[in-house]
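*Asks:* If you're matching them up, the sequences are chains A and B in order. Under my numbering, the letters of the first sequence match residues 1 to 278, in that order. Under my numbering, the letters of the second sequence match residues 279 to 477, in that order.
This list has only true hints and no planted wrong ones.
Covered stretches of chain A, as calculated for chain B (at least 3 residues, CB under 8 Å):
hint	stretch
1	10-21
2	25-33
3	140-147
Derived from the structure by calculation, the hints contain no laboratory data. Where a beta carbon is used, it is the ideal one built from N, C-alpha and C, also for glycine.
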Amino acid sequence: MTTGYNFAYLNEQTKRMIRRALLKAVAIPGYQVPFASREMPMPYGWGTGGVQVTASILTPQDTLKVIDQGADDTTNAVSIRKFFVRTAGVATTEETEKASIIQTRHRVPEAALREDQILVYQVPIPEPLRFLEPRETETRKMHALEEYGIMHVKLYEDIARHGHIATAYAYPAKVNGRYVFDPSPIPKFDNPKLDDCAALQLFGAGREKRIYAVPPYTKVRSLDFEDHPFSVQKWEEPCALCGSTTTYLDEIILDDKGKRMFVCSDTDHCRKSQEKAA
Amino acid sequence: MSTELLSGFTDHARSSAEAFRVMLDAMAQPGRILPLTPDFAAPAPLFASTAAICLTLCDYDTPLWLDDSLRETAVIDYLRFHTGARIENDRPQASFLLCTPATAAEALAQASIGNAEYPDASATLIIQVPDFSGDRLTLKGPGIKDERVFTTAGLGARFWALMDENHQLFPLGRDVYFAAPKEIAALPRSTQIKREGQA
Ligand SMILES: [Zn+2]
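Work out the full structure, taking the sequences as your base and the hints as a guide.
*Replies:* Encoded structure:
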């Protein structure tokens with residue numbers, strides 16, 4: 001561990017401010033708490049919001065896992081993991097079961113999470129109404145009044161145009177029957193995992209300066225219509241490596257003749273399934 | 279300063295991180311009683327657990343109100359020195375209100391509930407309780423699988439009636455920490471509270 005940094009990089013004043021925001025976020029599930037985001041030694045888009053949340057909840061006893069699109073070995077995940085090894089001296093792991101904190105970009109692990117784990121999401125755009133209403137003062141009002149009509153109109157336009165709801169990522173959901181929120185750009189396949197999850201889920205948006213949360217065992221209902229109920233992505237073939245038919249699969253192009261295969265996006269889960277089968 | 283000040287966390291960054299994690303877990307799992315035993319002594323009648331919450335969360339941005347029983351010079355000097363927080367006389371202006379069972383209902387009634395667009399602009403109560411035995415409550419809501427039984431003593435019918443009103447205000451409302459000498463628990467505004475014998 002490098003000395004000269006404060007534990008987990010952020011100074012104590014910044015952590016106090018983020019910690020207060022985190023407690024409010026937990027007390028008001030799905031509500032976006034503003035916070036004074038700090039410059040981090042990495043560019044926006046590299047998960048500076050998630051990094052600030054992780055830095056504010058991390059203790060020396062934690063074991064940290066970082067994933068990007070389900071994989072632990074991408075540049076983004078590796079650099080965030082190294083950052084916390086250097087600044088906080090924490091242990092790291094690639095195994096979901098062994099992690100006490102999991103920071104993620106764009107996926108929820110396939111393995112069911114536990115009460116003693118915390119999932120930290122990196123969020124680019126926290127406001128689900130932003131594409132429909134660019135003014136922050138207006139979206140604040142809509143959340144205050146629970147005016148989510150335009151969200152339903154948008155999804156219904158999808159149905160009119162495509163015959164089904166085409167939104168496949170960052171699919172909006174309602175938390176605890178109150179706030180509509182953006183679960184970050186995870187595939188809608190992952191939305192059901194957020195519902196009634198045993199682990200605390202924290203969301204950090206660095207550029208947009210917002211923190212929000214879903215406490216354990218909280219209702220998260222993906223928006224839908226009676227005649228067009230919410231449904232998740234399905235694949236016609238199993239994972240080419242582990243044979244799973246219940247996981248989120250990535251398409252991999254094998255050659256320029258269009259030969260391709262589908263494999264689990266969650267690399268740790270896929271490896272575990274292969275070991276079990278062997 | 280009249281007397282020598284007691285110290286705070288010996289290794290602030292690490293110890294406050296550990297304390298915060300307990301506080302976060304308590305808020306995320308309402309009614310769960312968790313050990314919070316910081317490595318320092320606070321000036322009586324302030325518990326070390328209460329002091330740990332204040333030293334982890336409070337600073338010059340968070341006016342602090344104390345009830346008369348906690349408004350001892352040693353306590354005020356200590357909190358001012360270690361947090362930099364302004365000591366507030368007006369309950370509605372405070373971000374954190376430190377109280378005891380006798381003063382909790384009035385503090386709860388007057389503390390800020392935030393506003394419709396910023397429900398986070400609300401206050402947090404820290405109530406010092408002798409222990410977690412006594413009145414049985416059944417809790418429901420976010421952070422609780424099905425139901426959780428929570429017990430605490432000394433808080434009267436008026437306090438629990440106000441807590442019920444507080445929950446009805448959701449997403450507005452105050453959040454509450456209970457601090458016993460070596461343990462804490464929390465009841466955020468999202469928790470539905472039923473007292474024994476209530477329908
Ligand atoms: Zn697989």
